[in-house]
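> Quick note, the sequences are listed as chains A and B, same order.
Quick note on the working numbering: the first sequence kicks off at 41 and runs consecutively.
Quick note on the working numbering: the second sequence kicks off at 41 and runs consecutively.
A hint or two may mislead.
Per label pair, the in silico range of CB-to-CB distance [claimed, not checked]:
#, chain 1, residue 1, chain 2, residue 2, range
1, B, GLY59, A, GLU227, 29 to 35 angstroms
2, A, VAL195, B, THR312, 45 to 51 angstroms
3, B, GLN307, A, LEU231, 24 to 30 angstroms
4, B, ASP68, A, THR273, 35 to 41 angstroms
5, A, LEU256, B, LYS319, 17 to 23 angstroms
6, A, LEU231, B, ASP156, 48 to 54 angstroms
7, A, ASP94, B, SER149, 54 to 60 angstroms
8, B, SER149, A, PRO60, 28 to 34 angstroms
9, B, ASP68, A, GLU150, 34 to 40 angstroms
Simulated from the structure, these hints should not be mistaken for laboratory data.
Think of the CB as a built atom: it goes at the ideal place given N, C-alpha and C, for glycine as much as any other residue.
There are 2 protein chains.
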Amino acid sequence: MAHVTGDGPRPFGDALRVGPGFSLADVDPASTPGFDGKRRNAAELMTETDDELDDLQERLYADGTAGGTRAVLLVVQGMDTAGKGGIMRHVVGSVDPQGVQHTAFKAPSEEERAHDFLWRIHKALPHAGQIGVFDRSHYEDVLIVRVRRLVPEAVWSARYEQINSFEAQVSAGGTEIVKVMLNISPEEQKLRLMSRLDRADKHWKYNPGDTDERKLWDEYMRAYQVALERCSTDVAPWYVVPADRKWYARLAVQQLLLERLRSMDPQWPTATFDVAAEKRRLAAT
Amino acid sequence: MAHVTGDGPRPFGDALRVGPGFSLADVDPASTPGFDGKRRNAAELMTETDDELDDLQERLYADGTAGGTRAVLLVVQGMDTAGKGGIMRHVVGSVDPQGVQHTAFKAPSEEERAHDFLWRIHKALPHAGQIGVFDRSHYEDVLIVRVRRLVPEAVWSARYEQINSFEAQVSAGGTEIVKVMLNISPEEQKLRLMSRLDRADKHWKYNPGDTDERKLWDEYMRAYQVALERCSTDVAPWYVVPADRKWYARLAVQQLLLERLRSMDPQWPTATFDVAAEKRRLAAT
Numbered sequence: 041m042a043h044v045t046g047d048g049p050r051p052f053g054d055a056l057r058v059g060p061g062f063s064l065a066d067v068d069p070a071s072t073p074g075f076d077g078k079r080r081n082a083a084e085l086m087t088e089t090d091d092e093l094d095d096l097q098e099r100l101y102a103d104g105t106a107g108g109t110r111a112v113l114l115v116v117q118g119m120d121t122a123g124k125g126g127i128m129r130h131v132v133g134s135v136d137p138q139g140v141q142h143t144a145f146k147a148p149s150e151e152e153r154a155h156d157f158l159w160r161i162h163k164a165l166p167h168a169g170q171i172g173v174f175d176r177s178h179y180e181d182v183l184i185v186r187v188r189r190l191v192p193e194a195v196w197s198a199r200y201e202q203i204n205s206f207e208a209q210v211s212a213g214g215t216e217i218v219k220v221m222l223n224i225s226p227e228e229q230k231l232r233l234m235s236r237l238d239r240a241d242k243h244w245k246y247n248p249g250d251t252d253e254r255k256l257w258d259e260y261m262r263a264y265q266v267a268l269e270r271c272s273t274d275v276a277p278w279y280v281v282p283a284d285r286k287w288y289a290r291l292a293v294q295q296l297l298l299e300r301l302r303s304m305d306p307q308w309p310t311a312t313f314d315v316a317a318e319k320r321r322l323a324a325t
Numbered sequence: 041m042a043h044v045t046g047d048g049p050r051p052f053g054d055a056l057r058v059g060p061g062f063s064l065a066d067v068d069p070a071s072t073p074g075f076d077g078k079r080r081n082a083a084e085l086m087t088e089t090d091d092e093l094d095d096l097q098e099r100l101y102a103d104g105t106a107g108g109t110r111a112v113l114l115v116v117q118g119m120d121t122a123g124k125g126g127i128m129r130h131v132v133g134s135v136d137p138q139g140v141q142h143t144a145f146k147a148p149s150e151e152e153r154a155h156d157f158l159w160r161i162h163k164a165l166p167h168a169g170q171i172g173v174f175d176r177s178h179y180e181d182v183l184i185v186r187v188r189r190l191v192p193e194a195v196w197s198a199r200y201e202q203i204n205s206f207e208a209q210v211s212a213g214g215t216e217i218v219k220v221m222l223n224i225s226p227e228e229q230k231l232r233l234m235s236r237l238d239r240a241d242k243h244w245k246y247n248p249g250d251t252d253e254r255k256l257w258d259e260y261m262r263a264y265q266v267a268l269e270r271c272s273t274d275v276a277p278w279y280v281v282p283a284d285r286k287w288y289a290r291l292a293v294q295q296l297l298l299e300r301l302r303s304m305d306p307q308w309p310t311a312t313f314d315v316a317a318e319k320r321r322l323a324a325t
């Protein structure tokens, strides 16, 4: 565990958690809180961590098959190009797909719009034993929806409390919630969008609307600030992960997941059958 | 591509495909068709293949976002301990989770039983651009259902044609179907079950019913033989993968997926916007 700073058992969690007085504007998107190593050290730590993460995930999964009710929900938010896809590929992708429920939320469908905004979220919650991962989430309903004025203020302004109640309920049901905002700078976003335009095999990832949204950057940041401060609760804290360095963001999200699973400490279920008797029965076949 | 035997562009596909006159009883579960290397060479080939598989999968995904209608469906069947979980972990798990829809079919729920047997299958089909992976499938409805006589013969015996029609329809819609049976020997299964009983951290994977099912091994093999010969079609062929050697089975399934994606040859979508104009617009932000 070289290069991890901080005394507590949750160095990344402690360094990145949104608490009282948090100001998004004061976070440096190029910083690496909780970690004083370099890119190479981060890759080493991620590899070192893989086995422990695998073990904890499998224990959680096993617990779910044995009647356990616990699950994890990882919510990932961020501006375009913030690196959500890289988190899915390199962090979530290292976990056994049998234990992961991945959902990417796009603009709501007609059917989804005919329900309240949490309807589709509820349906996508992880089963017991699973790690659910949301690529965008119900927070879009207080982010783009607020910035783009897609519903009246009376509607979106009520959603912060609705989200807190919903998340409290989910948490009470046994699902531990980890919410991550990947925080990039507008300058870094410009570079990333430009590199998509420079490569023919990346054009499909670019949408002219991405450049239009950039003009609303400050409004998005204000909407994030409000969502972060109003919805970072004890049962469902927000973590702001500086994301100008992709390698740091991936390490940080992996470690946040690891720290949470460690604290859950899932145990192998004990056999509900007579092991010796089963061995004899099997041997006789 | 060292160690891959066969002249054709689909060495594993050609070696493993169920064709006329196929007999499951004649397949050696410890053999390694299409491959004359060792375990170490298999691991090398799998690693070599990872990048190409990533590239092809991303092209398929990109094509789906641009209005393409193609998808892949990988169906994995096999007796308990045949290695379905290992395929999910080590083959499917190497693919970007954003491009994979994984579904594990258990005993049907009350709601599922209130519909025809293909209802839940239809709902789980991959979206355009995705690789759908079924851990067990509609074939259980002509395997355990037949062996355990869970429905009358008139019902299950009609299902082979129903499955062929269904798969032809799915294929016509743009989804390429690859069906894999992991073929282990009863001796190897016994060893694998015993090792689950030997380790406290594996007890959760053992079910006393597994030993009961072993007594029906021959009946299961007969049911597989019929399903394989009646439902291996041009649009949805079956491949029987010898699975006593886990390393071979994982390599073979990876290569079957690769060969299929290669033949689909998905292309990067072309930009639907003026690239130069977008560069200027972005530069001005």
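> Can you name, in rising order, the numbers of the hints this structure does not satisfy?
1, 2, 4, 7, 8, 9
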